[in-house]
Amino acid sequence: MRKEDISLDEKKKFTRLEAGFKDMETRLKELEREFQQTQSQMLTNDMTIVVFSGEMDKLMTAFVLATGAAAMEINVTMFFTFWGLSALKKDVQYDGKKFSEKMLTLMMPSGPGSTKLSNFHMLGGGKKFLEYLMKKKNIQSLSQCITMAQDVGVKMIACQMTMDLMGIKPEELLDGVEFGGAATCIGNATRSKINFFI
Amino acid sequence: MRKEDISLDEKKKFTRLEAGFKDMETRLKELEREFQQTQSQMLTNDMTIVVFSGEMDKLMTAFVLATGAAAMEINVTMFFTFWGLSALKKDVQYDGKKFSEKMLTLMMPSGPGSTKLSNFHMLGGGKKFLEYLMKKKNIQSLSQCITMAQDVGVKMIACQMTMDLMGIKPEELLDGVEFGGAATCIGNATRSKINFFI
Amino acid sequence: MRKEDISLDEKKKFTRLEAGFKDMETRLKELEREFQQTQSQMLTNDMTIVVFSGEMDKLMTAFVLATGAAAMEINVTMFFTFWGLSALKKDVQYDGKKFSEKMLTLMMPSGPGSTKLSNFHMLGGGKKFLEYLMKKKNIQSLSQCITMAQDVGVKMIACQMTMDLMGIKPEELLDGVEFGGAATCIGNATRSKINFFI
Numbered sequence: 021m022r023k024e025d026i027s028l029d030e031k032k033k034f035t036r037l038e039a040g041f042k043d044m045e046t047r048l049k050e051l052e053r054e055f056q057q058t059q060s061q062m063l064t065n066d067m068t069i070v071v072f073s074g075e076m077d078k079l080m081t082a083f084v085l086a087t088g089a090a091a092m093e094i095n096v097t098m099f100f101t102f103w104g105l106s107a108l109k110k111d112v113q114y115d116g117k118k119f120s121e122k123m124l125t126l127m128m129p130s131g132p133g134s135t136k137l138s139n140f141h142m143l144g145g146g147k148k149f150l151e152y153l154m155k156k157k158n159i160q161s162l163s164q165c166i167t168m169a170q171d172v173g174v175k176m177i178a179c180q181m182t183m184d185l186m187g188i189k190p191e192e193l194l195d196g197v198e199f200g201g202a203a204t205c206i207g208n209a210t211r212s213k214i215n216f217f218i
Numbered sequence: 021m022r023k024e025d026i027s028l029d030e031k032k033k034f035t036r037l038e039a040g041f042k043d044m045e046t047r048l049k050e051l052e053r054e055f056q057q058t059q060s061q062m063l064t065n066d067m068t069i070v071v072f073s074g075e076m077d078k079l080m081t082a083f084v085l086a087t088g089a090a091a092m093e094i095n096v097t098m099f100f101t102f103w104g105l106s107a108l109k110k111d112v113q114y115d116g117k118k119f120s121e122k123m124l125t126l127m128m129p130s131g132p133g134s135t136k137l138s139n140f141h142m143l144g145g146g147k148k149f150l151e152y153l154m155k156k157k158n159i160q161s162l163s164q165c166i167t168m169a170q171d172v173g174v175k176m177i178a179c180q181m182t183m184d185l186m187g188i189k190p191e192e193l194l195d196g197v198e199f200g201g202a203a204t205c206i207g208n209a210t211r212s213k214i215n216f217f218i
Numbered sequence: 021m022r023k024e025d026i027s028l029d030e031k032k033k034f035t036r037l038e039a040g041f042k043d044m045e046t047r048l049k050e051l052e053r054e055f056q057q058t059q060s061q062m063l064t065n066d067m068t069i070v071v072f073s074g075e076m077d078k079l080m081t082a083f084v085l086a087t088g089a090a091a092m093e094i095n096v097t098m099f100f101t102f103w104g105l106s107a108l109k110k111d112v113q114y115d116g117k118k119f120s121e122k123m124l125t126l127m128m129p130s131g132p133g134s135t136k137l138s139n140f141h142m143l144g145g146g147k148k149f150l151e152y153l154m155k156k157k158n159i160q161s162l163s164q165c166i167t168m169a170q171d172v173g174v175k176m177i178a179c180q181m182t183m184d185l186m187g188i189k190p191e192e193l194l195d196g197v198e199f200g201g202a203a204t205c206i207g208n209a210t211r212s213k214i215n216f217f218i
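Residue numbers (the numbering used here), protein chains in the order written: chain A, 21 to 218; chain B, 21 to 218; chain C, 21 to 218.
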């Protein structure tokens, strides 16, 4: 083999390597792009709880899950709709409401203290009994659970449609509560790893 | 340094680069393969709602969430099981049913119009009151919600086991409703970013 | 062009290629690292069901979903809290309990056989009717569903807070049941593709 042939051979090799390199660079760029896109669609470490029910035991469970998750560095959003809104009431107002709204205000639980159990009503006896047990066993009451959830940064959103339907005013709800519609709720849930309907 | 040495040195460098290149190509290929696999396991922008309950307020909430999500370009599947099937009834049939099936037909709500509230029954008074409020506030009735959900492309699947158990015939359900079992429901939920049991 | 120039030109090309190669290697390494991180955050093929309700129809649905998912190679964990714990009772004990715990034991369903329906109570008539239908249609009873779920490897965790609150002893629950708190439940749900609250 002559010297020129060797040189030619090496040149060919080099050109091939250069071409292979360019091809690989294109593939890497494409993979980086796709990967970034995928990452933007990844679920974040969030939890969304739609709180529909207004019974004391269900609300308690919702708040225990929310507070527990927040303690595990999960961003928790609770969306309160229909009877769930009872949990957020701090105050009951009758002034300036229409007759139908006054009627609803009268009928709905006027805050965490007047919610019922989903089982064992027994004219309220079951609930008092459970509360007595909870006190004895040092388990927090519903009101304490709500305060604690707010303290650890659980975000609470009241459903505007429900507020409108039932004539609930923003002033009647706890301070720090935000307001939003179904779109807010679904937007949160789309990013969340955990979604519950309670 | 002699000329031959330089040449030898460069050859070595080139060989090293070539080897490094091959190694990198293998890693890139492996990453591309793993990435594709990961992408196929990614959750799609889907929502699956298992509708177990047959109460008017829960059904309304299910349909508001479903329609809202569909408006946000989310593919929504509602899987109706047990009492949830009431929402899909368009017609009540007694002909050709066994006695036990006739009895169940009589006991179950005969469509969205005859569903109850989960709270405030008051012999149906609570529901009439809520419907009156909804009308006044221009909020859609349950029947309108169902029609709208169908219009925006929400997929509705009736649970076959429930239909079999309760003797519900396909003709009794709304047009466009599909039929499926637990596997269909779970398969959908596995791909969905949002899952709710209502 | 002189021979030396060609050689110089090639050397430059080579050096550029070498530099480009190093740059690409860094990007590939970074992508591999990020990808691994992403994969560790990916949801696994898991399902977590929080079983809060103790009604026979809801429990049945929970077990049908759990068993169906397990059959599709999904790792299923059921977390039983509040009234849901009724499903796991194999035995009722009164010995060694305080008066308040005895009272709760008496009030709670003493196992899958004594659960109620969420609708159609009719003094228990509705449930008997449904069980009669299920038998006729060869659909498994709740007890059979539970056994089957255990057979296919569904993991069952009893909520310790509920057990403590209601004075339920480990011996009263089915063999193979594990015990855990909210953190266990949330940890499971964070990894699961499907989460339900029933």
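It is possible that some hints are incorrect.
No copy labels: a pair is met if it fits in one copy or bridges any two.
Claimed, not checked - Think about it this way: if two alpha-carbon atoms lie no more than 16 angstroms apart in a straight line, the pair counts; the simulated EDC-like pairs of lysine to aspartate or glutamate are:
| # | residue 1 | residue 2 |
| --- | --- | --- |
| 1 | Lys175 | Asp195 |
| 2 | Lys110 | Glu192 |
| 3 | Lys156 | Asp184 |
| 4 | Lys155 | Asp184 |
| 5 | Lys155 | Asp43 |
| 6 | Lys110 | Glu93 |
| 7 | Lys117 | Glu192 |
| 8 | Lys49 | Glu30 |
| 9 | Lys156 | Glu50 |
| 10 | Lys110 | Glu198 |
| 11 | Lys31 | Glu54 |
| 12 | Lys189 | Glu93 |
No lab work stands behind these hints: they were computed from the structure.
To see whether the hints hold, each was checked on the structure:
1. For the identical chains of this complex, Lys175 and Asp195 are intra-copy neighbours only, at 12 angstroms inside a copy versus 39 angstroms across copies, given an alpha-carbon limit of 16 angstroms.
2. Taking the closest pair of Cα atoms, Lys110 and Glu192 come within 16 angstroms of each other only inside a single copy of the chain (6 angstroms); across copies the shortest separation is 40 angstroms, beyond that limit.
3. In this assembly of identical chains, Lys156 and Asp184 lie within 16 angstroms of each other by CA distance solely across copies; the values are 11 angstroms between and 40 angstroms within a copy.
4. Taking the closest pair of Cα atoms, Lys155 and Asp184 come within 16 angstroms of each other only across two copies (12 angstroms); inside a single copy the shortest separation is 36 angstroms, beyond that limit.
5. Taking the shortest alpha-carbon separations for Lys155 and Asp43, neither the intra-copy value of 70 angstroms nor the inter-copy value of 64 angstroms comes in at or below 16 angstroms.
6. Taking the shortest alpha-carbon separations for Lys110 and Glu93, neither the intra-copy value of 28 angstroms nor the inter-copy value of 37 angstroms comes in at or below 16 angstroms.
7. Taking CA atoms no more than 16 angstroms apart as the test, Lys117 paired with Glu192 passes inside one copy only; the shortest distance there is 12 angstroms, against 43 angstroms between copies.
8. Taking the closest pair of Cα atoms, Lys49 and Glu30 never come within 16 angstroms of each other, the shortest separation being 28 angstroms inside a single copy and 26 angstroms across copies.
9. Taking CA atoms no more than 16 angstroms apart as the test, Lys156 paired with Glu50 passes in neither setting, with 62 angstroms inside one copy and 55 angstroms between copies.
10. For the homomeric pair Lys110 and Glu198, the shortest alpha-carbon distance inside one copy (14 angstroms) is at most 16 angstroms, but the shortest distance between copies (39 angstroms) is not.
11. Within a single copy, Lys31 and Glu54 get their C-alpha atoms no closer than 35 angstroms, and across copies no closer than 35 angstroms, so neither meets the 16 angstroms cut-off.
12. For the identical chains of this complex, Lys189 and Glu93 are neighbours neither inside a copy (32 angstroms) nor across copies (32 angstroms), given an alpha-carbon limit of 16 angstroms.
In terms of the numbered hints stated before, the structure departs from hints 5, 6, 8, 9, 11, 12, listed from lowest to highest.
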